[in-house]
Structure formats: structure tokens, C-alpha cells
Amino acid sequence: MQTEFSKEQNLLRDVVSRALRDKSPATAVREQMASDRGYDEAVWQELCGDAGLAGVHVPEAYDGAGGGAVELGIVAEEMGRTLFCGPWFASAVMAGSALLEAANEPERQALLPGIADGSTIATLVLDDLNGPAGVGGSIRAAGDGKLSGTAAMAVDAHVADLLLVAASGDTGGLGLHAVEGGAPGLGVEPLQVVDPTRKLSRVAFADVPARHVGDVTREALSRIWDRICSALAHEMIGGAQHLFETTVNYTKERYQFGRPIGSFQALKHRCADLLLEIEIARALTHHSARCLDAGEGEPYVASMAKAAAADACMSAARAGIQLRGGIGFTWENDTHLWFKRAKGSEVLFGTPAIHRERMMTMLEGAA
Amino acid sequence: MTPEGIRREVSAWLDEKWRVDRPLIEWREILLEGGWAAPHWPEEWYGRGFTLDQTAVVAEVFRERDVVPAAQVGPRGLASETILACGSDDQKGRFLRPILTGEHTWCQLFSEPGSGSDLAGLSTRAEFKDGKWIVNGQKVWNTSAHHADFGLLVARTDWDVPKHQGISYFLLDMRQPGVEARPLRQMNGHQSFNEVFMTNAEVPPEDLIGGEGNGWHVAKTTLSFERRGFSRRVRGSSLDGPKQGPIYAEYDEELRIATEPYTWYPQREGRVDLVLPRARETGAIHDPATRQEIAKLICLYTGAKLASDGAEARRKAGTTEIIPAGSIGKLAASVIARQASHVHTMISGADAMLSGPDSAADGIIAEVLVSVPAISIAGGTDEIQRNIISERVLGMPKGFRADQGPFRDIKRNA
Ligand SMILES: Cc1cc2nc3c(=O)[nH]c(=O)nc-3n(C[C@H](O)[C@H](O)[C@H](O)COP(=O)(O)OP(=O)(O)OC[C@H]3O[C@@H](n4cnc5c(N)ncnc54)[C@H](O)[C@@H]3O)c2cc1C
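First to last, the sequence lines map onto chains Y and C. The opening position of the first sequence corresponds to residue 1 in the numbering used here, with each subsequent residue numbered one higher. The opening position of the second sequence corresponds to residue 1001 in the numbering used here, with each subsequent residue numbered one higher.
A couple of the hints might just be wrong.
To be verified - DSSO-like cross-link-like pairs, simulated, lysine-lysine; straight-line CA separation at most 27 Å: (1) C:K1092 x C:K1296; (2) C:K1305 x Y:K7; (3) C:K1296 x C:K1220; (4) Y:K340 x C:K1296; (5) C:K1220 x C:K1398; (6) C:K1296 x Y:K343; (7) Y:K340 x Y:K252; (8) Y:K252 x C:K1398; (9) C:K1017 x C:K1243; (10) Y:K7 x C:K1316; (11) C:K1129 x C:K1092.
Simulated from the structure, these hints should not be mistaken for lab results.
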């Protein structure tokens, strides 16, 4: 199994990082978070249409770049660093992973190319965002294929052309169903959110016409969950790194008591501990993607990554505010943008505590 | 060389040379000549310039075949690494061989009653008189000093320059009338470290290492090696099961003496390996709160290992980033040990009050609980590691210093 990034992967990181720095500066983030759609379509076209960022992990057979979880993670990490606003996570990561793990071959051929080239904006709709066990509790697929029920929260559903919905069928099994944006009976109601850089909507289904695209076994759902959580962990590591670097830099510039605040040991030690926490979380996160690609490693790698990255990112976010003092608590300062994303990502697809319990269940069986 | 190539070569060599009826020292001499005593050392000094991974392959073959390796336990590794890095050819020629054969054991004479973290504030005095260095002063917390033949000694040779500049580094013969080591009892009941008194102890000029006034630089070499070792296990545990042959009797006796100060070292690392077995055996594995803490420990432990492997790989690839792997690894080892101790306490519950044979795992768990505090002190405290990380890696500004100018004028402990 790979233990380091290859030359090509480092190159990918450089290219993505440069593009995002250019296209997603904090001013753009602020503009998009205040808009209803939440993203800039021209930027989307450049990053996903031209540069192919939504297809990095999609096999070449479906017109993707043929990478895997590692490549997906690299893009996610850089997006988290710049707080990129757009449906990339919903479309490439969530919907992409669901199709790769659960859709029939013809459906993959039909749906993945559009996701890979950014022409389709897709999302995955789950009626439980805390853990795979609760999925399918609310949304049902009737015998005629129509969906009914509600998902309390869905990422970027308000802009999705294609909604992939996990619903339980008559016989109890879980299936993946494709619904077109704007389908009759589909209600998408944008929600007020803590983190305005990631838009959420309530999605209600009232006999919505849908196409069954594959069965979702519990194992497949668990693998989908793992892929999403690994990518989300990468995104959080990117965010943590941004928060950490800007905070350490701030302590070198801000003077109190006639000296830079970074010379106070209380702050130095907090930063040293943070470095360690981030290093450990980063190592687990990169490891999770390599294991997913190789089909090796601990079965609970993604949960380790998600739990550790969420905690590290929140630690960095808390320190980011605290070490800036009053200015850190203002709307004007950018730190809160990353803080809020950290908070949202901490609980999306399972809190750290849920993931630790998931680890232990995989390791030792249920409590 | 590939792992298979190494295996083949060392196996062929052992087929020819290894015999259980040789005296221990004679065997080690053969091992040295063959270049298998310390394969990671440079070729001109008994080694083969192997990487640590390649060296591990050799060690594995030795273990599989129950072959007695070169002497390894204790601070002798600090001595050999320091001498290899900073010593003269004459010093390498005289000291390295008996370190590998096991004829000489070593100790580290750094800390003093008045200066521990502030090692450069030391006040043991060395003066050059009548063609030799005369040493007076006291050291403390010196592990294995009570049976060491030589000591790695830092002492002040100039009191009129800033503190880091007036230090020299010596290889001190412990078997002389002017040196006395007295064991000290630790909070876990063991007696691993000592206080060492030097009264007109003598060092010949050829045993000054790195040059006069250059001791701080040499000491940093020793310390960085020491810190890197913290995440590693003390090596050289005895071969599994009883072995027949005279050489094993000699080897076991050597190990018994050499490892005696270190029997509790695995406990100070927290005994992560015992967490799941203990949790299963007590049923604590079903307790949701304990499960959370176990999972945190597994994340810490797995992540720290991956991070240190990654840093090692980047270092080998010639990265330009600053990786004080020693400081980060040492801080990680402390965090892991504390979390493990916390989890062991949760698992044991009220039984954590007991120690000795009636207690869990024959007293091992109790020993964990009272040994873990050492890991965040020995080899440089956690606070010092945090200072190093924040200043060296993160480039945070140094704080106000009250210890500049000639050492003579600096306030210090009475
Ligand atoms: C088990 C064990 C084995 C040891 N073996 C050896 C050995 O073989 N040879 C040897 O020479 N020494 C040895 N030591 C000594 C060890 O290196 C010292 O104890 C250690 O460096 C701390 O020094 P000190 O005990 O003087 O404490 P102090 O330096 O007095 O520290 C007291 C407290 O002050 C804090 N502190 C000090 N300076 C700072 C600072 N600048 N910033 C923030 N906090 C600070 C420390 O972190 C600590 O919490 C051993 C110690 C132990 C526990």
C-alpha cells in the first residue's frame, strides 16, 4: 500500500491549490455565502467543467480522471483550506461515492460522466445524517417507484439537477433512487444554517417519480459512508491547517506588553499541542484514503479519520478565535467562516463520539 | 540491498560462524569483524551503512535463529551515537568496540540538582591542571550510573562567557576514586537513577569530545537521539524461552544486570497493548464511556505512529522542512501514555487501588499508573518539547531571557 504521495498526486495538489487560491479568496467566499445559490457558476464551470475536479475519483470508463480516494482527498483538503463554496462535495463526493458503490452498471454509465464533467450537479439525500444505521427510516419507495417521506437536511439539494435518494422499499431493503430536480411532488426548502458556506435544505417527497438505480446493502452503505467521511476528514484537515497557519502568523505580528503575543508561553504551548493534534489527525486522514483505495488496513480507518480530524479542526477553530482576542469574535474577521465550517463538518455524517463508537463496534462488536 | 538479499547474506554468514559454545565476548568480536554487530553504522566503523529498516531485517533473522546480538541495552546507544557523530577517530577506535561487545556500559551525566530543563545552566566544574581535566560537582537522576563503566559528562570549563559557550563534553571513567554513584528510590519503588558525586575526578585530555567549549553542540546531538528513542521500545529483551548453550547463560546474566533499571519502562509508556485484553476480561469493553476513551487512545496511537513513519520517510527523501521528530514524537508518547493510564484506570475501577500480585496483571497495571508520570519528565519535559516545537517548527518568537551575558552573573539555584 502507498504510504507517501506520488509525484502526480503532489502535482495535482499544487494545481488545485493554485486554482482555488485564485478562484476562492475570502472575498469570494463571503459573496457566495450571502447568495441564495451559494456558488459562482462561472467558477464551477472552470473548476469542474474545464479542470475536471468533480471527476478526479471517477474511473476513466465513466469519463473521470481515474483516481481514487487519495485524489478525492487532495481536492477536498485544498477546498477546505480555501473554504470553497459550491456543490462539489455534494456532487462529486456524496453522489459520486453513492453511484460508485451502489448503482447498477448502466446507471453508472448514464450518470457518472455528467457528474465528472460538472454538467450535472447531483447530491445524495439521506434521511439520517448521523450514522448509516438510521438511513431508510423515513423515506420509502412504493411499488410503483414513487418516493414519499422527508429528509430533514440535504446538502446543496436546492441547486441539484439530480437527487440520489436512499429509500427503503416494500420488502425493507434499501435502494438508491434517482430523482430529477424540480420533479413533481418534490419540495426543497432551504434552511437557516450555522455555516452559510454549505447550504442545507429540507427535502420532502410526496409521491415523487423516481428511478431505481441500484440496491444498497448495509455493507455498501457503510462503504459509501466511509468514502464520504474520509473526504470530509480531508476537508477538515485543510481547514485546520489554514486556521493553524493564520493563527500562528497572527501571534507573531500582534504586540502586547511590549512583545509579540507569540512569545507568551501559554500561546506557544497551545500552538505546539495543536500542531501535534493536527499532525496525528492528518496522518490518520491520509491513511484512510490510502486504505480505501488499496482495500487494506483497519476496517474503521474512515471513522478514525473523521473523529480525529473533526476534533483537530475544532481545536484549531477555537484557538483561532481565542488567540486573536476581540477581533477574532467579529464578523469582519474571516476566522469565524472557518470556525462555522468546522462546526458543521464536526457533526455532518456523525459526531466524533458516534464515529468512536462505530470504531469500537467494528473492532469489538456492539456495546 | 533488498530485505531478501540481506536475509540471505546474514543467514549464510551465521551458518558459518554462529556457535552457542563460544564465550560471549569472543562471539561479539566475530560479529564485529563480520560487520553484523551494528549494520546501521558507517562501514569504516563496524557497520554497513544500512537504513534502520534494513537493520531491522538483520535483527529479525537474529531473533528467529536465537542468535545473541551485540550489546544494546541502556544508555550505551546514546554514547555510541554521540561518539560516532562528534568523536575523533582515536575516540571511535577506543570506545565503540567495547560498547558493542558489552564490555563497557555507559550512563548519561547531564542533569544536576540546580539545572535540569535548563541543562546549559549546569555548574559542575572542570579545570585543566597538570595535563588533565579535574572535575568537581554533582549530577542527579542518572539512570544506570550505579553499574556504568563510563559516563557522558557535561561540565563547565569557562564561567566568563554566556552559558552555552562555556560547556565542554567529556567521556568520564566512572571506575575511579573521585566518582561515587548513590542509587535513588523513585515513586514507583524502583531504583533506576542515581546521584553522582565527582570529587577531583580525572579525565585525560584525549577524552574531551568535540573540543573545549563546544559541549553544548555535542549535548544536543545526544539529546536529539535520546528523544527520538522515546517512541521506540527499549531493545534487547531476552530471547524467548530457555535456550541451551553456554553463551546464553552469559547473555542472560548481562541482560539481567543491564535491563534491571528498565523493567518498568514499558509501563511508563502506558501499556497500550494491555488495554483491549483488560477491557474484555473485565467487561469494561461494554461500557460506552470507556469505549469512547479506548477509541481516542487507538486514534492517538495509530495516528502518531503513521505521522512518525511519514516524517521519517520525508526526512529520508531529503525534505527541507524542519522536522524535530524527536520533540514531536516525545510529546506524542507522553500524550499516549497519559491517555492509556486514564483508560486503565477506567477499566480497573476500584481495583486500581491495589498493587502487587493481588492486583490486575500481576501488578503491571498498578505500575503503569505510578510510572507514566516519568515519561513527561525524563529526556526533557513536555513543556520543554513544546518550547522547542513552537520556536523551531512554528518560528514563534523567543520569550524574555534572564540568562544572557557571562554565566558567572546569572541568578541560579544555591
Ligand atoms: C525516569 C527518569 C530518568 C532520568 N534519567 C536521566 C539520566 O539518565 N541522565 C540525566 O542526566 N538526567 C536524567 N533524568 C533527568 C531529566 O532529564 C530531568 O529531570 C528533566 O530534564 C527536568 O529537569 P528537572 O528535574 O531539574 O526539573 P526542572 O527543570 O526544575 O523543571 C520543573 C518544572 O518546570 C518546568 N520548566 C522548566 N523550565 C521551563 C521552561 N523554560 N518553560 C516551561 N516550563 C519549564 C518543567 O517542565 C517542569 O514542569 C531523568 C529523569 C527521570 C524522571
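Y:K340 and Y:K252: Cα distance at most 27 Å? Holds, at about 25 Å.
Is the straight-line distance between the alpha-carbon of C:K1092 and that of C:K1296 27 Å or less? 45 Å, violated
Hey, Y:K252 versus C:K1398, does the alpha-carbon distance stay inside 27 Å? 10 Å, holds
Regarding the pair C:K1296 and Y:K343, is the alpha-carbon distance no greater than 27 Å? Holds, because 19 Å separates the two Cα atoms, which is no more than 27 Å.
Hinted pair C:K1017 and C:K1243, Cα distance within 27 Å: 18 Å, holds
Mind checking the alpha carbons of Y:K340 and C:K1296 for me, to see if they're no more than 27 Å apart? 24 Å, holds
Check whether the Cα positions of C:K1305 and Y:K7 lie no farther apart than 27 Å. 23 Å, holds
27 Å limit on alpha-carbon distance, applied to hinted pair C:K1296 and C:K1220: 33 Å, violated
Can you confirm whether the C-alpha distance between C:K1129 and C:K1092 stays at or below 27 Å? At roughly 25 Å apart (the allowed maximum being 27 Å), C:K1092 and C:K1129 satisfy the hint.
Is the hinted pair Y:K7 and C:K1316 satisfied, with a Cα-Cα distance of at most 27 Å? 16 Å, holds
Agreement of C:K1220 and C:K1398 with the hint, judged by alpha carbon distance not exceeding 27 Å: 19 Å, holds
The earlier numbered hints that this structure contradicts are 1, 3.
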